[in-house]
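Those protein sequences? They're chains A and B, same order as listed.
So for the first sequence, our numbering puts the first residue at 36; every next one is plus one.
So for the second sequence, our numbering puts the first residue at 36; every next one is plus one.
Calculated from the structure, these hints are not laboratory results.
Hints may contain errors.
Identical chains blur together in the list; that is why a pair holds if it fits in one copy or across any two.
Simulated pairs of lysine-lysine, PhoX-like, Cα-Cα distance not exceeding 25 Å [to be verified]:
1. 86 - 247
2. 145 - 207
3. 153 - 64
4. 97 - 86
5. 145 - 199
6. 63 - 199
7. 197 - 145
8. 247 - 97
9. 207 - 153
10. 86 - 64
11. 97 - 207
12. 145 - 247
13. 96 - 244
14. 96 - 153
15. 145 - 64
16. 207 - 197
17. 244 - 97
18. 197 - 63
19. 153 - 63
20. 247 - 63
There are 2 protein chains.
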Amino acid sequence: MRSEFETELNNLHIRFSEMAMMVNEAIKKAVTAFITHDQDLAQQVVVDDQKINNREMDLEKKSFEMIALQQPVTSDLRMIMTVLKASSDLERIGDHAVSIARADLRLHEKSTLPDVEKLIQQVSQQVEAMFTQAIESYLQEDDQRAIEIAQQDNDIDRLVQKIKHLCIMDMKNDAQIVENGTSYLSVTNYLERMGDYITNLCEWVVYLKRGKLADLNCRDDQQNRKY
Amino acid sequence: MRSEFETELNNLHIRFSEMAMMVNEAIKKAVTAFITHDQDLAQQVVVDDQKINNREMDLEKKSFEMIALQQPVTSDLRMIMTVLKASSDLERIGDHAVSIARADLRLHEKSTLPDVEKLIQQVSQQVEAMFTQAIESYLQEDDQRAIEIAQQDNDIDRLVQKIKHLCIMDMKNDAQIVENGTSYLSVTNYLERMGDYITNLCEWVVYLKRGKLADLNCRDDQQNRKY
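Just chain A, with the same shape it has in the complex (with noise of 0.2 Å):
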């Protein structure tokens, strides 16, 4: 028979991994709303954040609790820590996922960059892609796979760079694009960071199995530590 810890425990990692979908969720309707020029979608993402929001507070909430009154040790403690601190991590996606639905709602119809667009559309199939693994990453516990995920971001960041030059270019070459051009340039730097937070969602993958610390947060330009 289950003892009331491990319900409780079990709870947590479900009301988790629903926390996971919200923000999937999130990330796939800003992008899209971005890319069909769909504002009513934008907007949903915008309103919907608030239940994503309200259930980080009511992960941390339930975490504190189950650490203060069953005083968890080894690997139960690591299992709360992890969602304790990879809650944050997922709220700040959901919030880059808004500040791109923010920008879907400044874009002016007129003056769009379709080859810009394909590019952020590329570049946000990476990150989807790469968040997705990073959950299964953390609901099979595979830390080996959560440290090779992590190298995804370099790829995301090489795009992003030649997304932000042509942008750049267009920018130059057309004072009419201006204004449109710098939301092109937010929402590409929304998924670069988010690119980030995946990667420290696979640093949290690997303290939950290993009970240590990781940084996997290397850029092209450092050097890469080993694991």
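Based on these hints, arrange chain B on the given structure of chain A.
Frame of chain A; chain B shown alone:
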């Protein structure tokens, strides 16, 4: 006589405060480097960030150990939880100081925007002041003051909007400043985001004192929650 646990808790508190001072230094240096176009100072911020990241990992490790081995309760546990969560916010503020420093390093001296620079200096002074006050409220465990400090984020957001508008107008009028203009916009965005993280720090001061999680991150256009 102080127990070993009390000494450890006090050390944790001191090491967190030191981390706050390191981050404060990073903000000041990054903004000074941006305003004075001092590339050496900007480079220093990038290099010094590793110390901030190491300190965060060190605080996480120590917090986990203290919870696992000492099983603290009530206010002691709250103190450890605050350090654990607020250190992530500090680390992210440090990351944004690095992003400002990297924007400094990309800036071409020839086509700067003096008017925008003045406003950026003004908003950065607001961010620095808000940060210093938030840390003071933590040291004094003054939850009421923390709630008041969080309101300053609205002033920051308003000034940020003004800067963005001015910057885009300048970029539309002169293609030569488009590239630098995007750096100015990025720096403005980073300062805006710092304000959000400082608001989070204020929330942790409320938690430390009241044991309740607060959401102080209200936008002007949202209904304010009362505390």
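Hint by hint, here is what the structure shows:
no., hint, result
1, 86 - 247, "between (31 Å within a copy, 19 Å between copies)"
2, 145 - 207, "both (18 Å within a copy, 16 Å between copies)"
3, 153 - 64, "within (16 Å within a copy, 38 Å between copies)"
4, 97 - 86, "within (16 Å within a copy, 32 Å between copies)"
5, 145 - 199, "both (21 Å within a copy, 21 Å between copies)"
6, 63 - 199, "within (21 Å within a copy, 27 Å between copies)"
7, 197 - 145, "both (24 Å within a copy, 24 Å between copies)"
8, 247 - 97, "both (23 Å within a copy, 12 Å between copies)"
9, 207 - 153, "both (20 Å within a copy, 24 Å between copies)"
10, 86 - 64, "within (15 Å within a copy, 37 Å between copies)"
11, 97 - 207, "neither (52 Å within a copy, 51 Å between copies)"
12, 145 - 247, "neither (51 Å within a copy, 48 Å between copies)"
13, 96 - 244, "both (23 Å within a copy, 15 Å between copies)"
14, 96 - 153, "neither (41 Å within a copy, 43 Å between copies)"
15, 145 - 64, "within (22 Å within a copy, 41 Å between copies)"
16, 207 - 197, "both (16 Å within a copy, 22 Å between copies)"
17, 244 - 97, "both (22 Å within a copy, 18 Å between copies)"
18, 197 - 63, "within (22 Å within a copy, 31 Å between copies)"
19, 153 - 63, "within (15 Å within a copy, 38 Å between copies)"
20, 247 - 63, "neither (32 Å within a copy, 33 Å between copies)"
Taken one by one, the earlier hints fail for this structure at numbers 11, 12, 14, 20, listed in ascending order.
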